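Engineer: Work out the full structure, taking the sequences as your base and the hints as a guide.
There are 2 protein chains.
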Amino acid sequence: MQLTDPDLVTPSLVVDRKRLADNAERLRRRFSDHPVKLRTHLKTVKALEPAHMAMPSERGPAAVSTLREAEVFGRAGVTDLMYAVGIAPQKLERVVALRYEGIDLKIIADNSAAADAIGAAARRHGTGIPTLIELDVDGHRSGVAHGDADALLEVARTLYENDCLEGVMTHAGESYALSDSRSLAKAAEEERRGTVSMAGILEEAGMRCATVSIGSTPTAFSLADTAGITEIRAGVYLFFDLCQAGIGVCGIEDIALSVLATVIGHQRDKGWTIIDAGWMALSTDRSTKDQAVDQYLGLVCDVDGMPIDDLVVVRANQEHGIVATRPGSGATMAELPVGTRLRILPNHACATAAQHERYSVVDDGLEIAATWERFGGW
Amino acid sequence: MQLTDPDLVTPSLVVDRKRLADNAERLRRRFSDHPVKLRTHLKTVKALEPAHMAMPSERGPAAVSTLREAEVFGRAGVTDLMYAVGIAPQKLERVVALRYEGIDLKIIADNSAAADAIGAAARRHGTGIPTLIELDVDGHRSGVAHGDADALLEVARTLYENDCLEGVMTHAGESYALSDSRSLAKAAEEERRGTVSMAGILEEAGMRCATVSIGSTPTAFSLADTAGITEIRAGVYLFFDLCQAGIGVCGIEDIALSVLATVIGHQRDKGWTIIDAGWMALSTDRSTKDQAVDQYLGLVCDVDGMPIDDLVVVRANQEHGIVATRPGSGATMAELPVGTRLRILPNHACATAAQHERYSVVDDGLEIAATWERFGGW
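Chains as they are written, first to last, in the numbering used here: chain H, 11 to 388; chain X, 11 to 388.
Be aware that one or more of the hints could be misleading.
[What the hints assert, rightly or not] Now the in silico label distances, taken between C-beta atoms and shown as ranges:
| id | chain 1 | residue 1 | chain 2 | residue 2 | range |
| --- | --- | --- | --- | --- | --- |
| 1 | X | SER193 | H | ARG39 | 57 to 67 Å |
| 2 | H | ASP279 | X | ASP114 | 30 to 40 Å |
| 3 | H | SER191 | X | LYS28 | 51 to 61 Å |
| 4 | H | GLU367 | X | ALA379 | 20 to 30 Å |
[Unchecked claim] Covered by chain X, per the in silico footprint, the following chain H stretches (three or more residues, Cβ under 8 Å):
| id | region |
| --- | --- |
| 5 | 119 to 127 |
| 6 | 218 to 224 |
In case anyone wonders, no lab produced these hints; they're calculated from the structure. Please read these numbers as outputs of a predicted model, since none were measured by experiment. The beta-carbon is built from N, C-alpha and C at its ideal position, and this holds for glycine as well.
Structural biologist: Structural data, given as structure tokens:
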């Protein structure tokens, strides 16, 4: 079947396998001479086939954002996993159950209450639960504050005494707000240095950090020196998206994900073309809103995947997208008759992919070569 | 199981069945003395049990926003259906196939290209495909422009000649931007009058409108006079949400939907409590952004569903929500230890529900009385 086939349901999620393979290879090559593991974050793809294209082995390593992902990927053989969201005490029994299944699931924590609960679960089950202490290097979100040795050591000691201390990890999420290579390189180096120095505090206190893990797609593509770290995590790079293009770590032509849509009408006096992909298919993500080029709810391409100049989805309802020229661009609206197939590039691949149950896979053309099932839930 | 049970996975979608029943009853009662059908839009609930609570009969009537919904609900016996998104010509074969299954699926169109395709499909199959002409009464989205009799008659004649003209329909989507009862009543009356006058143009031309359908939750709750219309459509009223509360058609205490989440950490110097519900569970919908009270990504309640003053989800990543007091409110952050269960009221119930696979059903308490499976896709 081709993307132009009337029987193909729209909206549909399309992935260009060639671009995906190139994106995977680009990050792999970047660190091929460094003694670090690349731990792909599978929250973006949530499907086995693209995961296997990214990982060095069937076993991983990989990161996940939900225990459902740990279950599905773990039971499919991806056993070297990190659940990279601070653990809720209530989830520990499920973590231990997955570990008993032979899945080497590591967890993260940034506070004493969580560490106490992890220690108690480890004692209850008579087995360590490998835990990384989450560090905050850029004020983005969670993590023990950089330089707060007391907080770090308090969490670490509880884990260490219960045979649960695996190492430290950070996510330099503030890098998403950057857009020049110099700032990105600086953010990446600060992420590395901050993480290594906090690991050093633990080592000095006699607690070994087997794993020193950092990562975000922008910093992973901007890091020069890997001294002191053992692994790098990234996920969205497999698909890339308009937000990453705005940051500058990829080009529009590298984006491997798009939403196939069909024109269903026009409001010509307003310059609107209406498509059957609304926020249900695109998500309402507006990650490019504060970037130099606002892509609104997505950049419109023809069915071959070539961007149509300054054509964006300006508004969306549940199952309607309103396509128009980018406000202020002065561009002329292309004539797109009812029935025309279009492809919309996403602002944020993780959010757009999450709206769909499967991928239609193409290899740099219109022919659908495969279908990959996605999963969701927690 | 209770909402406080450690084994209950968070984030989870919770629906309060008592509130849902009350909301359904409120709209039913509103039109019980009027000679109009209430056609519930099932795009919000996407599950059979709440659909049955809203519809007067197992057969419907109901509206859907995707052909997948038409298939699932239709095959479950909800056979009086309107697919309320302008038809793409490519979808007509699937529509006809569903009609051959005995599902009385009606479609909508607002342009000649679509009408031509519908006429051709009807001739090809030797059977009418009941179609409503979509009208634009408020400039919101799709539809033949109000007063454009030529465009209306052109679309209508093609449908009529092919035994496909069922009537007219509108959706007064601009009502979502209103917030006082006077403006809402005016918008509802304009929706009604505009639709009835366009139906009159068809009647004068000798083409009967069996169905004159209007609707949106805000206008359905604001309409006084139903003269000339045969049915009213609404969907989000079954759950209501913060956006509808901001518009003024419900109270916060009527909202039947929430996302159960667990506290996983804090950044106390910033006044942040971090929960395990990010945009994957809440959606990134910001419908209340321009209302008098900005609810950010959702209003935070305790596990019993009581709002905690001025506590909102100020930011979200994929699986992290950052809870803080509403900026500018001057409120003091409540102490919410790691492991605390919270419930987040959604800005937009359709968008939040769409992120989940099932509902945990409570009856105005903590006990989970049932689980309802949702579906998605196209």
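Engineer: Tell me, in ascending order, the numbers of any earlier hints that this structure violates.
Structural biologist: Going through the list in order, the structure violates hint 6 alone and respects the others.
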